[in-house]
Structures are given as C-alpha cells and as structure tokens.
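Trainee: So you can see what is in the structure, the chains are spelled out below.
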Amino acid sequence: MAITLSGDHAIPSRPLSARLTTPQVWGVLLLAPYLLVFLAFVVYPVGYGLWLARHPASYVALYHDPIFARAAVNTLIFLLVGINVKMAIALFLSGFFAQQRSWIKWLSVLFILPWAVPSIPTILSVRFMLNPEWGVINQLIFKFTAEDGPNWLNDPTVALGMAIGVHIWKSLPFWTLILLTGRLAISHDLYEAAEVDGASWSQKFRYITWPSMQTLYVTCTLLSMIWTLGDFNSVYLLTGGGPADLTHVLATLGIRYLRLDQLSLAMASIVCALPFVLPLVYFMMKRLSR
Amino acid sequence: MKLPSLREIGNEAKLLLIGIPVLIWTLVPIYHMFLFAISPKEDAFSGKLWPAHPTLNNFKIVFYQEHYFLRDFWIQFFNSVVIALSAGALTLVIATAAAFSISRLRVPGGRWVMNLALFTYFIPAAFLAVPMYRTMGNYGLLNNHWSLILAMVTIASPYAIWVLKQASDKLPVELDEAATMDGATTLQLFRLVYVPLMMPSLVAIGTYAILLAWNEYLYAFLLLSKDTEITLPVALGNFLAADDSPWELLMTTGFIYALPPAAIYYAFKRYMVGGLTAGAVKS
Chain A
0 MAITLSGDHA IPSRPLSARL TTPQVWGVLL LAPYLLVFLA FVVYPVGYGL WLARHPASYV
60 ALYHDPIFAR AAVNTLIFLL VGINVKMAIA LFLSGFFAQQ RSWIKWLSVL FILPWAVPSI
120 PTILSVRFML NPEWGVINQL IFKFTAEDGP NWLNDPTVAL GMAIGVHIWK SLPFWTLILL
180 TGRLAISHDL YEAAEVDGAS WSQKFRYITW PSMQTLYVTC TLLSMIWTLG DFNSVYLLTG
240 GGPADLTHVL ATLGIRYLRL DQLSLAMASI VCALPFVLPL VYFMMKRLSR
Chain B
0 MKLPSLREIG NEAKLLLIGI PVLIWTLVPI YHMFLFAISP KEDAFSGKLW PAHPTLNNFK
60 IVFYQEHYFL RDFWIQFFNS VVIALSAGAL TLVIATAAAF SISRLRVPGG RWVMNLALFT
120 YFIPAAFLAV PMYRTMGNYG LLNNHWSLIL AMVTIASPYA IWVLKQASDK LPVELDEAAT
180 MDGATTLQLF RLVYVPLMMP SLVAIGTYAI LLAWNEYLYA FLLLSKDTEI TLPVALGNFL
240 AADDSPWELL MTTGFIYALP PAAIYYAFKR YMVGGLTAGA VKS
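Which chain is which? The protein sequence lines are A and B, in order. Take 0 as the starting number for the first sequence in numbering that gives the first Met the number 0 and just add one per residue. Take 0 as the starting number for the second sequence in numbering that gives the first Met the number 0 and just add one per residue.
Hints listed in this document are in silico derivations from the structure and should not be mistaken for laboratory results. Glycine is no exception: its CB is placed at the ideal position from the N, C-alpha and C atoms. Possibly wrong hints are sitting among the right ones.
What the hints assert, rightly or not - Each computed EDC-like pair below joins lysine to aspartate or glutamate, with the alpha-carbon atoms no more than 16 Å apart:
1. B:K40 with B:E65
2. B:K47 with A:D188
3. B:K59 with B:D71
4. A:K203 with A:D188
5. B:K40 with B:D243
6. A:K104 with B:E11
Unchecked claim - To spell it out: a stretch of chain A is covered by chain B in this simulated footprint if at least three of its residues, at any positions, have a beta carbon under 8 Å from a beta carbon of chain B; those stretches are:
7. 74–86
8. 95–107
9. 220–233
10. 261–271
What the hints assert, rightly or not - If the Cβ cut is set under 10 Å, some of the chain A residues that face chain B in the computed set are:
11. A31
12. P172
13. Y190
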C-alpha cells in the first residue's frame, strides 16, 4: 500500500487521471456507485425539499395550525417519556439477562421476538386488542367487572400513551441487548472483590456497573432519540394520528400534509425539526467516526 | 445432593418475578395475532384465550386467495420477496465496493464520503420520505418497483458501508501487500482476498438489508399504490381502510408475513449479534 500511495500529491500540476495510481483509479470506480446513489437519492431530494420549504409563508401557516403545535408537544412527550422509560427498563433488564441461568438464556431468545418480527402485523394486533367493542382487553374487563371498558384509542392522552407503549415494546429488546453487551464487558473480578468487601446490590450498581456503563448509556439514549423522532409506524398504524389529529408526531405530520397535498407545509414541518436533529446527528457522527 | 439454601430460593423467586412479566409482555401481541390466525371467524371475536375450535382454514383462505382483500396475495408476497432480495443484493454490492475502496485502497476523499454516509444514516428515514416521494415522482419512478428498491438501498447502504469499513479496517495491511507483491491486480485482491475474508460481515449486512426492505412500510405505501404492485405490509395497511375488515384474515396474513424475517433473524443470529449489534453503538 505504501508503495502505491507514494505517487499521491507528488506532482499536483498534472491532470487528476495522471496523478492517480491504478489502485486509486479502481478506488474511485468502486466508490462511484454509492456516490451516484447518494447524489440522486440524498443530495437531490434534500436540496429539492429545502427549496420547497423556502417560503416564509409556510412557517406562518404552520405557526397558526393547531395540529402542528399539538404534534410538536406530542413529539416532546413521546421522546421524553418513551426514551427514558425504555432505556431505564433496558438497563434494568440487561442486569436480569446477565444472570447465568439456562431458563434466562431461553427467555432471552424469545425476548428478541418483537425486534425480529416486522412491526406492521404486531402493531395491528395491539390495535385490535384495544378495540372498544371486540378487542380482547375490553372483553376481559366485561367478563370480570360486567362493565364496559374504556374506548382506548378515542382519548388522545391514552392513545398517545399506547403508541409510546408500542414503541417501547418494539425497541426494548434491541437496547437491552446493546446494554447487555456493555454489562458483560465489565470484569467479573470487580464484582467478586466487592462481594468480599460486603458491598450491597445498590452499591455494586453505583460504584461498578454505572461508572463503566454511563458513556454507553448516554450514547444509546441519544441514538434512540434520533430513531424515535423518526418512528412513524407506532403512531400511524395504531392511532392514525387520530382522534381528530390529536396524536400526531412530527414523523407522521409530514406524511399527513403530503396526503393533503400541502407539500410545502410537509417540508416546512420537517425543517422545523432540524435544529433539534442536527446537533444530535453531529454528536453521533463525532462518536462513530473516531 | 445439597439442598438449595433459603437465600438461593429467594433469589430464584426474584428472578422469576421479573422473568414472567417480561415473557408475558413480549408474547401477548404475537400470541394474540397467532390466536386470530387459528380461530374461525365466530371464535375470533369471543375474547377467549384459546379458540374452542382451532382451525387452519384461515391459512387456506389466504393461500387460495379466497377473499376480496386477498385476491392479489401471492403477487404481493412475490413483490415483497423480489424487492427485499434486490435491495439486499444491490446494497451488498454497492457497500462492499465502497468499503473496499475507502478502507483498503484509501481512495482520496474516502473519509469524507464515509462521513456523508454516516450523516445520512442518522437522518430519520421518516423525514427523508417526503422529499424522496417527490424525487421519485420527478424521476418518473412512482409505482415502479425500482423506486422502492433504490430507496431501500439509499437507506441501508450508509450503515452497511460503516459496518463493513469497521470490519475491513481490522484486516492486516500486510495481506494486501503480500498479494500485491505476488502480482495480484486490484480486482484479484478484491475477489480473492477481500471478499472471502469479509464473508461473516457480508452475510450480516446482506441479512440486514433484506430484513430492512422486507419490513419497510412507510416508503412502500408512499411509492407504490397499484394493488398488483404493492408489497405485503402495504396490503396489510389497506385492510384498515375498510370498516368490515376480516380481522382474522388480516392477522393470518400478518402472521405469514412475519414468519420469514423471524426465521432469517434466528438463522443468522450468530452473524447478526456479532456483526451488527456490536457495531451499532461504539462507546
């Protein structure tokens, strides 16, 4: 490699083709397919989208649209509650799955199922469980209390809560697995030494587990924030944004505007999310490109 | 044999107290789907936890397309297969070439391309969907399978390139040097040294891209609309549009649709866990 690279930068005045060595010509050729995909399906759409969102009038319209304000609040709730609950449970369960038991091994195989199966059928399954008349939950409530259960998806707060629940159900296994990897990397000697010194369960967590996992935990939380922002399925397939468009989040709102043929509003609503997304993206890139 | 002490029993009980709720939480939506799939229509709505007369009739209805909603089941299944496999193959080719170029040939500007790709990976796909929809319209690709295949390649390849680059950075440089000394051309190096050594990561990435494309709902329903062009998840979503949807058939179709990715996941779990989750978050 060192020999082939020596021609680089040597004679900058000659045309590019002459400066490149054969492997580098191949390098450019092999990189070209991805660059083409990137130009045609990332650069062009993003540029075109930003161009569509250039009118200040779109932002004024968004500002006056109560559905947009509601979606922004919903997104914040979705992120704050969804991510913190999910990551806290994942951290707890990673400790559970770190236990050496054969039945826990088997349980972990089943536990990954929500992540392994596509989200559409399972979300629709939950949606039907919550059906006020025929859903299994209200049928059971009726059987035991002889009273009608609540109309789950007709109350915006409950419906949003259910969407958050579906989101947690789907992504919990993935984050538990990641945190489990982090936990298993901690040296067992540390715990044995703590055991000898008579450390309690909470002391072991506080002085051994947490210090070695906090970087991973923060990274996971930030990455999860980006992905949760883009979670379209959990809301769209469970509530469809309803009742009365009160459970939209930013990911579904763009599609709603698109379906109403208000393309500039769709793009403007996405542009409004960028000030929150871009710092996260920058931070994650710094972490991963090291 | 030593009897377990009181403390050990207590520990085991505590673990069970966590394990049982976890098991129930995990399985309820999937079991509910399965229950509907094996229930005749009358039983499905009775709210029982096991049907009085379990049957495979729903599967027969789906497989023989004996319902209005299912008249294009096989062609939609086939569409899903074709799109997932094409997106997987194309992602694999593009990402392997790019990772080889960036990591092994150290092409000028490679690091820059890697960063651009990572940037794309972190932009939520739902945000890119609206401009992507318009772009595909401008290219005249709407309602064409290529639109979904190319969109999936766009979304899958950044992560694919990143994982493959991480893996190939670990291969010793001496390998390439030795092969070059022996007179190997760059293409021979790629074909005979690089690809065989990278096989586990390639399997992981191929599986990742196939599952991503098979599971995709949002892009599929934006980009494809004709009944004979759509993929299975879009067909499932269309069930919702009607008031009198046959839910037991919807759940049966969903169950059939969910089986291949679950099977693939468990079959390739070895590769998936090593190749993907470890790379997903580097602390």
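Trainee: A separate judgement is required for each hint: does it hold in the structure or not?
Mentor: Status of each hint after checking the structure:
no.: 1; hint: B:K40 with B:E65; in the structure: 14 Å, holds
no.: 2; hint: B:K47 with A:D188; in the structure: 51 Å, violated
no.: 3; hint: B:K59 with B:D71; in the structure: 14 Å, holds
no.: 4; hint: A:K203 with A:D188; in the structure: 12 Å, holds
no.: 5; hint: B:K40 with B:D243; in the structure: 12 Å, holds
no.: 6; hint: A:K104 with B:E11; in the structure: 14 Å, holds
no.: 7; hint: 74–86; in the structure: violated (count 0)
no.: 8; hint: 95–107; in the structure: holds (count 6)
no.: 9; hint: 220–233; in the structure: holds (count 8)
no.: 10; hint: 261–271; in the structure: holds (count 4)
no.: 11; hint: A31; in the structure: 8 Å, holds
no.: 12; hint: P172; in the structure: 8 Å, holds
no.: 13; hint: Y190; in the structure: 15 Å, violated
Consistency with the previously given hints fails for numbers 2, 7 and 13, ordered from lowest to highest.
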